[in-house]
Each structure stands twice: as C-alpha cells, then as structure tokens.
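A.B. asks: Here is what each chain is made of, one letter per residue.
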Amino acid sequence: MQLLSVHRTFPRFKQLIFRGYSQAVQIQNEDYTDAPVYPPILDLSLPAKKLRTRQSLHKKIQNINTVEEKQIALNMPRYYGWQSIVLNENKIPFNAMPLVQHYTRTHFQLLDKLPDIYAESSATADIVLQEIKSCIEECIVTENEGVERNFVTSLNIPEKQQIADAHTRNIVKQINRIILNNLTDKVSHVLSSQVDYNPRHEAFWFVGGVQLPSTVLKWRKKQKYYKNRLHEPLDRPVQYKGSPLLTIRNHLPLKPIIPYSEIENPDFKVPKFSHCPKTVGYFTEFRHGTNIPGFWPGDFDEFGLLSFHGRGHILDRKDSFGQEDNLEALHCQAIQASFGWLLAQANYQGFTTFNDLTYPLVTQTVVTDGQMVSFYAYQLNTTVIHSDEVDINPKHNICFGTKPMKLYESIENGSVKGLNEDVLKMLIQFYLNAPEERDHEMKPYLGKEEQIIADIEDDNKRCWLESTYKHLVSNRPKHNLIPEVYDWEKIYKIQFNTRFYEARRRPFELDINPFQRRLDEHLPPYIPKVLRPYPKSKKKFETTYYPKV
Amino acid sequence: MSTRWYPLYQRGNPQLRVFLPNFWMKLVRSSVNQLPNVVQFHCSMEMTKHDIKNYLEKIYNIPVVEVKTRIAMGKFRKDVGKGYIVKDDDIKFAYVTLPKTMKFEFPNIFEKKKGDTEDDMKSLDEAKKSFKGFIQRNKDRSDVPSWFTI
Numbered sequence: 001m002q003l004l005s006v007h008r009t010f011p012r013f014k015q016l017i018f019r020g021y022s023q024a025v026q027i028q029n030e031d032y033t034d035a036p037v038y039p040p041i042l043d044l045s046l047p048a049k050k051l052r053t054r055q056s057l058h059k060k061i062q063n064i065n066t067v068e069e070k071q072i073a074l075n076m077p078r079y080y081g082w083q084s085i086v087l088n089e090n091k092i093p094f095n096a097m098p099l100v101q102h103y104t105r106t107h108f109q110l111l112d113k114l115p116d117i118y119a120e121s122s123a124t125a126d127i128v129l130q131e132i133k134s135c136i137e138e139c140i141v142t143e144n145e146g147v148e149r150n151f152v153t154s155l156n157i158p159e160k161q162q163i164a165d166a167h168t169r170n171i172v173k174q175i176n177r178i179i180l181n182n183l184t185d186k187v188s189h190v191l192s193s194q195v196d197y198n199p200r201h202e203a204f205w206f207v208g209g210v211q212l213p214s215t216v217l218k219w220r221k222k223q224k225y226y227k228n229r230l231h232e233p234l235d236r237p238v239q240y241k242g243s244p245l246l247t248i249r250n251h252l253p254l255k256p257i258i259p260y261s262e263i264e265n266p267d268f269k270v271p272k273f274s275h276c277p278k279t280v281g282y283f284t285e286f287r288h289g290t291n292i293p294g295f296w297p298g299d300f301d302e303f304g305l306l307s308f309h310g311r312g313h314i315l316d317r318k319d320s321f322g323q324e325d326n327l328e329a330l331h332c333q334a335i336q337a338s339f340g341w342l343l344a345q346a347n348y349q350g351f352t353t354f355n356d357l358t359y360p361l362v363t364q365t366v367v368t369d370g371q372m373v374s375f376y377a378y379q380l381n382t383t384v385i386h387s388d389e390v391d392i393n394p395k396h397n398i399c400f401g402t403k404p405m406k407l408y409e410s411i412e413n414g415s416v417k418g419l420n421e422d423v424l425k426m427l428i429q430f431y432l433n434a435p436e437e438r439d440h441e442m443k444p445y446l447g448k449e450e451q452i453i454a455d456i457e458d459d460n461k462r463c464w465l466e467s468t469y470k471h472l473v474s475n476r477p478k479h480n481l482i483p484e485v486y487d488w489e490k491i492y493k494i495q496f497n498t499r500f501y502e503a504r505r506r507p508f509e510l511d512i513n514p515f516q517r518r519l520d521e522h523l524p525p526y527i528p529k530v531l532r533p534y535p536k537s538k539k540k541f542e543t544t545y546y547p548k549v
Numbered sequence: 001m002s003t004r005w006y007p008l009y010q011r012g013n014p015q016l017r018v019f020l021p022n023f024w025m026k027l028v029r030s031s032v033n034q035l036p037n038v039v040q041f042h043c044s045m046e047m048t049k050h051d052i053k054n055y056l057e058k059i060y061n062i063p064v065v066e067v068k069t070r071i072a073m074g075k076f077r078k079d080v081g082k083g084y085i086v087k088d089d090d091i092k093f094a095y096v097t098l099p100k101t102m103k104f105e106f107p108n109i110f111e112k113k114k115g116d117t118e119d120d121m122k123s124l125d126e127a128k129k130s131f132k133g134f135i136q137r138n139k140d141r142s143d144v145p146s147w148f149t150i
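Here the protein sequences line up with chains A and B, keeping their order.
The numbering of the first sequence is the working numbering, which starts it at 1 and goes up by one.
The numbering of the second sequence is the working numbering, which starts it at 1 and goes up by one.
Honestly, the hints are just simulated from the structure, not real lab data.
Given the structure is predicted, the values throughout are model-derived calculations rather than measurements.
Glycine is no exception: its CB is placed at the ideal position from the N, C-alpha and C atoms.
Certain hints may be false.
Label-pair restraints from in silico Cβ distances [said to hold, decoys possible]: (1) A:TRP296 x B:TYR84: 53 to 63 Å; (2) B:ASP125 x A:GLU324: 54 to 64 Å; (3) A:PHE508 x B:ASN54: 39 to 49 Å; (4) B:GLN10 x A:GLU412: 52 to 62 Å; (5) A:LYS490 x B:LYS26: 23 to 33 Å; (6) B:LYS68 x A:PHE286: 14 to 24 Å.
Required output: the full structure, derived from the provided sequences and hints.
C.D. replies: Rendered as structure tokens:
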C-alpha cells in the first residue's frame with residue numbers, strides 16, 4: 001500500500017510502477033441490442049414527480065411481508081403521531097351523515113327488511129324463533145325487573161349513557177347466549193365462532209377531498225415553494241375509536257351481499273363532503289394510527305360476523321337536534337362501526353389505506369338499547385379514499401340499514417307485551433348467515449412464509465418488532481414531551497423579533513419542526529460496554545428494525 | 001343595550017330589574033367555509049351558550065339547533081410611535097347552527113343598484129364639462145387663482 005501511495009509524493013514514480021495485471025478493455029456484447037431500447041419517458045413536472053414518490057411509498061408498504069410491520073410503516077412519517085380526525089362511536093354531532101358517508105365512502109340504503117340474501121334462511125329462522133321466543137321474553141323481563149345491578153360509572157362519559165349501555169350489555173349477553181345455545185346443533189359455524197365482550201375496535205385511514213385547514217393555507221401562503229400550488233390537496237388522517245357491546249367472529253368470511261362485479265355500479269352514489277371537519281364538530285388529536293379489530297394479528301378467527309352496539313349516546317344528544325337527526329346519528333354510528341371494524345380486519349389481511357382490497361368483506365351490525373333494535377349489513381369494497389384516488393376510485397362501500405324497530409311493546413306485570421317476532425327473526429337470520437370459504441387468495445399482499453411477526457425466525461428482530469408494535473398501538477404518551485413554544489416566545493421571538501441579541505437555541509429558532517420528525521429519528525438503546533460481545537465490539541447502539549419506507 | 005354596569009345589589013336597596021343587559025351580537029362573515037346552515041357571530045364576552053340561544057330565539061325568532069362558542073385571542077401589534085407591543089381585546093365567537101333545511105347567506109351590504117354606475121358617470125361628465133367651461137372662461141388670465149372670479 002505504501003508503495004502505491006508514494007506516487008503522490010513523487011509524481012514521476014507512477015510511471016515506473018509496472019502494471020503487470022492490466023489488460024485492454026474488452027467490449028461487452030450484452031450491452032448491445034438489435035433494436036434500441038430506451039428507458040420509459042417520465043413526466044418530469046413537479047406534481048407528477050410527487051405522485052411517483054407517493055406511489056412508490058404505497059408500493060413499498062404493499063411489499064412489506066408482515067401485518068405489524070405494515071402498521072409501523074403507516075406511522076413512520078410521524079414521531080409524535082398523526083394529527084387525526086377522531087370519529088368516536090359515541091359522539092356524533094348534529095348533521096354528521098354527509099361527513100361520515102364521505103369519510104367512509106359509503107352508500108347508504110334504508111330498507112324495511114333485510115337484503116335479499118337473507119331470504120334463504122327464513123324457514124330455519126321461523127323454527128328457531130318459535131323455540132326461543134319464551135326464553136327471550138323471560139330474559140327481557142328478568143334483566144329489566146328481576147335483577148338490580150350496580151354499575152360503576154366513570155366521570156368522563158355522561159352517566160345516563162353509561163347506565164343505558166351497561167343495561168343493554170346485559171340484555172344483549174343473555175339474548176346472544178340463548179340464540180347461540182339454540183343454534184349450536186343446527187348450524188356448524190356457530191360452534192366454531194368466538195364471542196368477544198367489549199372489544200377494542202380502532203381503524204385508521206387517510207381521506208382526500210377535504211378542504212385545507214386555514215392554518216395550512218396560511219402557512220403555504222408564506223412559502224415560496226408553494227407559490228403555484230397553494231390549493232394542492234392534502235390527505236387527512238382519520239381514526240375511528242369504538243367499543244361494541246359484543247362481537248362474534250369466525251375463521252371464515254361472510255358471503256358478499258352484492259357480487260363484486262356490481263360494486264362499480266354508478267347508482268351507488270356517495271355525497272361529497274369537502275368542508276373542514278371542524279365545522280361539523282369533529283376535532284383532531286395527535287396519535288399513532290391504529291388498526292385493531294378486537295384481537296391481535298395471528299388470531300385464528302379473524303373475520304367478523306356480527307357486532308352489537310349500544311345507543312346510549314342518543315340520550316345525551318340535545319333535544320333541539322330532533323328525532324330525524326337522532327335516526328341519522330344511529331345510521332352514522334352503524335356506518336362508522338362497520339367500516340372501522342372491517343377496515344381493521346382488512347388490515348390484518350395485509351391491505352391498508354394505500355393498498356386496495358381485492359375482494360369484498362362483509363359484516364352485520366345491530367344497534368340496540370334492549371328494546372329498540374336496528375339492523376345494518378355492510379359490505380366493504382374499497383379502503384382507498386386518499387386524495388389521489390378519492391375522485392377516480394369507482395368502487396364504493398355499501399350499507400343496508402333498517403329503522404329502529406321495537407323488540408317488544410312494554411313490560412307489564414312481569415311479562416313482555418307485544419313481542420315483535422319479525423325483529424327477533426331478523427336477529428336470528430343474522431346469526432344464521434353462514435360464513436364460507438372463498439376460492440381466491442385472501443392475503444395477496446402478505447409474505448408467503450412470514451405473514452405476522454411471530455413467523456419471523458430472527459429472535460432479535462421478532463422481539464424488537466413485537467414490543468415496538470405493541471408500544472405504538474398503545475398510544476401511551478411519549479416519555480419526552482413535544483417541544484413547546486411558550487406564549488412569551490410566540491409574542492416576543494416569533495411574531496416580533498424583540499430579543500434578537502439572544503442566542504438561538506430553541507427548535508423553532510433552528511428551523512426544526514418537531515411534527516415533521518420521523519418515527520426512527522431517535523437514538524437506539526445504548527449497549528453498555530460490559531454487555532458488548534467479547535472480545536472487542538465497537539457497536540454502541542442496538543439494532544432497530546423499522547420497515548424501510 | 002346599555003353600556004354601563006348596574007350597581008351591585010345591596011340589602012335594603014330597591015330591587016334592580018335588569019331590562020337592558022350588556023348583551024350584543026354582531027353578525028360576521030365566516031372566516032372558514034362554513035356549512036350553509038351555520039351562522040357566525042361576535043358576541044359579548046359575558047354571554048353563555050344559553051344566553052345566545054335565548055337572544056336569537058326570543059328576540060329574533062330564529063330557530064336555533066345548537067350553539068358553539070370559542071374565545072379567540074386578540075391580535076398582538078406594535079404600538080405606532082411607541083414601539084412596545086400591545087394586545088387587542090379577545091373576541092368571543094358564536095357558531096349558531098340552524099335547522100338543516102335553512103340556508104344562510106351573508107347579505108351584501110354595500111350592494112350597487114342597477115342605475116348606480118350610470119348616475120356616477122353622469123355626474124362625472126357634468127363635473128368635467130363645468131371644469132372645461134371654467135378653463136375656457138379664464139384662458140387669458142391663467143395666473144389668477146380660481147376664487148378670484150365672479
């Protein structure tokens with residue numbers, strides 16, 4: 001080596017070194033083809049380049065092998081979480097229907113009876129109905145008059161709502177028990193299903209076609225970079241949070257309500273809603289996007305059949321909203337809940353808000369308070385609603401729903417008066433709707449061998465991913481708080497430069513935007529010297545396994 | 001509306017009946033693109049949501065579905081001449097939701113009527129003509145001020 005570098009000191013020395021192994025350059029014939037082959041011509045305008053970067057991100061997320069890594073990948077751009085619009089199951093503002101329909105891309109149809117697909121189970125349902133009628137009546141009476149339960153109420157939710165939902169939960173548990181017990185030997189899927197009480201349902205997606213918030217517009221006006229693209233669309237992250245009273249799930253998915261070929265039918269219209277969500281009464285929260293259908297990835301029963309939701313929140317709505325809006329609020333609740341649950345299930349199949357479903361998923365939703373019952377059947381056809389696709393995606397999700405109907409008229413002298421058999425029959429038909437095996441691939445975007453992180457062989461990687469994923473979806477507050485801009489700084493440093501003589505040390509003075517920090521922009525855990533591998537290791541920090549997106 | 005505070009009631013004094021509380025509401029154009037059935041107001045800082053609802057319903061017979069309020073911090077500005085920073089007063093905003101079927105459009109207060117532009121042009125022409133006449137009359141005594149004339 002020394003000899004070779006001598007030429008720098010003695011420029012003429014290089015000529016003296018004999019290059020014994022050098023050869024003339026050979027012409028490689030593989031580089032030449034008969035017809036000229038050119039690279040594809042790309043549009044080099046800024047919007048096209050931006051679109052290509054976004055599409056490559058979507059492709060990268062699609063190519064990730066495991067479910068959990070995809071969820072981490074969705075959250076990679078934000079260390080402090082996405083500023084998400086929160087759709088809460090139990091907080092529905094006035095006139096929310098257009099917003100909910102746009103955000104879930106759902107066409108809603110109000111029916112008097114269940115969709116046609118349920119007709120085949122009608123005869124069986126009649127038989128079951130006669131068998132369980134008396135049991136149902138008895139359980140309704142017992143739950144309403146025979147038992148006095150003490151509910152522990154919390155302070156953050158209105159008391160009326162909590163008591164109503166707790167009461168409903170008991171009735172739903174009993175009715176579910178009665179129907180399941182009766183159906184176990186009649187239909188096979190009931191025995192193989194799982195029942196969850198108060199599961200955690202969360203879903204996260206991006207919505208396009210929403211007007212820019214005034215703060216963003218104000219910021220863009222100051223930037224030279226945004227001069228000609230002030231109104232460029234912006235994706236808004238949306239988070240659904242809900243907790244049904246009871247859900248039933250199975251290892252097989254339900255049959256589609258309408259065939260997959262018909263979902264591009266333009267008759268299924270979805271109203272556009274471009275107003276800021278703040279104008280309706282939806283607010284934002286910084287949180288990591290989570291997709292949780294009530295179980296962790298790797299559970300065997302990963303398709304939902306039926307979920308029961310309370311309607312106690314209606315009691316907490318203002319009287320001035322009126323009956324009509326309360327009815328719409330129920331529809332909103334059902335649409336949100338069905339979409340949220342199915343989207344979370346779709347995420348466990350490897351689809352995300354950027355990678356569209358390749359087959360429909362179906363769920364059934366019941367919204368009830370023990371007496372009033374409304375039924376909804378929901379078919380999820382698409383999960384892609386972000387701003388690149390919101391105007392061109394031909395697919396829509398479809399929700400069929402009924403008005404709330406009375407299960408019984410009243411309870412008099414310890415017996416139920418006027419049990420509505422039609423309502424009970426509809427409920428039994430929901431249970432009788434059997435899931436079936438699909439003849440197409442269910443998880444096209446997941447790996448062949450690695451589908452969840454539990455499949456990963458590397459111990460370090462598996463354990464690291466598991467703890468990171470669980471920590472991420474727990475949404476616990478960060479150990480170090482977000483750097484704050486104090487009021488005095490805002491006034492005397494940002495708005496008016498009155499302290500120009502002071503050293504610039506705060507993040508906003510160094511042009512650091514904490515909200516642009518990526519998830520992996522942190523120092524990995526330090527390895528103390530004693531724990532480093534023997535004899536010598538220069539590796540000071542542990543390896544991280546964040547997905548490369 | 002009254003602009004003064006009523007004195008605090010002390011025992012023994014004659015009872016005060018407040019007929020004109022310090023309440024006012026000012027209809028303003030929406031700062032963001034609101035829904036057609038939402039109206040934005042500035043209002044007195046003392047008004048609560050219930051007050052706003054009653055004010056609109058009882059005095060103006062407006063059906064109110066919901067009232068949302070927020071208090072916006074006043075702007076900071078540098079005092080002209082003095083150089084120190086002062087803060088404007090805070091403003092209470094009220095967002096009043098009307099029934100879904102109703103639609104509110106902010107009135108165009110300084111609307112130009114159909115004949116307005118024509119009238120303006122006519123008067124401008126007249127002024128031009130009289131000025132030309134004035135120049136014509138005084139063309140041989142250009143150094144004399146305009147008030148020095150018959």
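A.B. asks: So, for every hint listed, does it hold in this structure?
C.D. replies: Checked hints:
1. A:TRP296 x B:TYR84: 53 to 63 Å: 59 Å, holds
2. B:ASP125 x A:GLU324: 54 to 64 Å: Between ASP125 (chain B) and GLU324 (chain A), where Cβ atoms are some 60 Å apart, the hint holds.
3. A:PHE508 x B:ASN54: 39 to 49 Å: 44 Å, holds
4. B:GLN10 x A:GLU412: 52 to 62 Å: For GLU412 (chain A) against GLN10 (chain B), whose Cβ atoms are near 59 Å apart, the range 52 to 62 Å holds.
5. A:LYS490 x B:LYS26: 23 to 33 Å: Since the Cβ atoms of LYS490 (chain A) and LYS26 (chain B) sit about 27 Å apart, the hinted range of 23 to 33 Å holds.
6. B:LYS68 x A:PHE286: 14 to 24 Å: The hint (14 to 24 Å, Cβ to Cβ) holds, given that LYS68 (chain B) and PHE286 (chain A) are roughly 22 Å apart.
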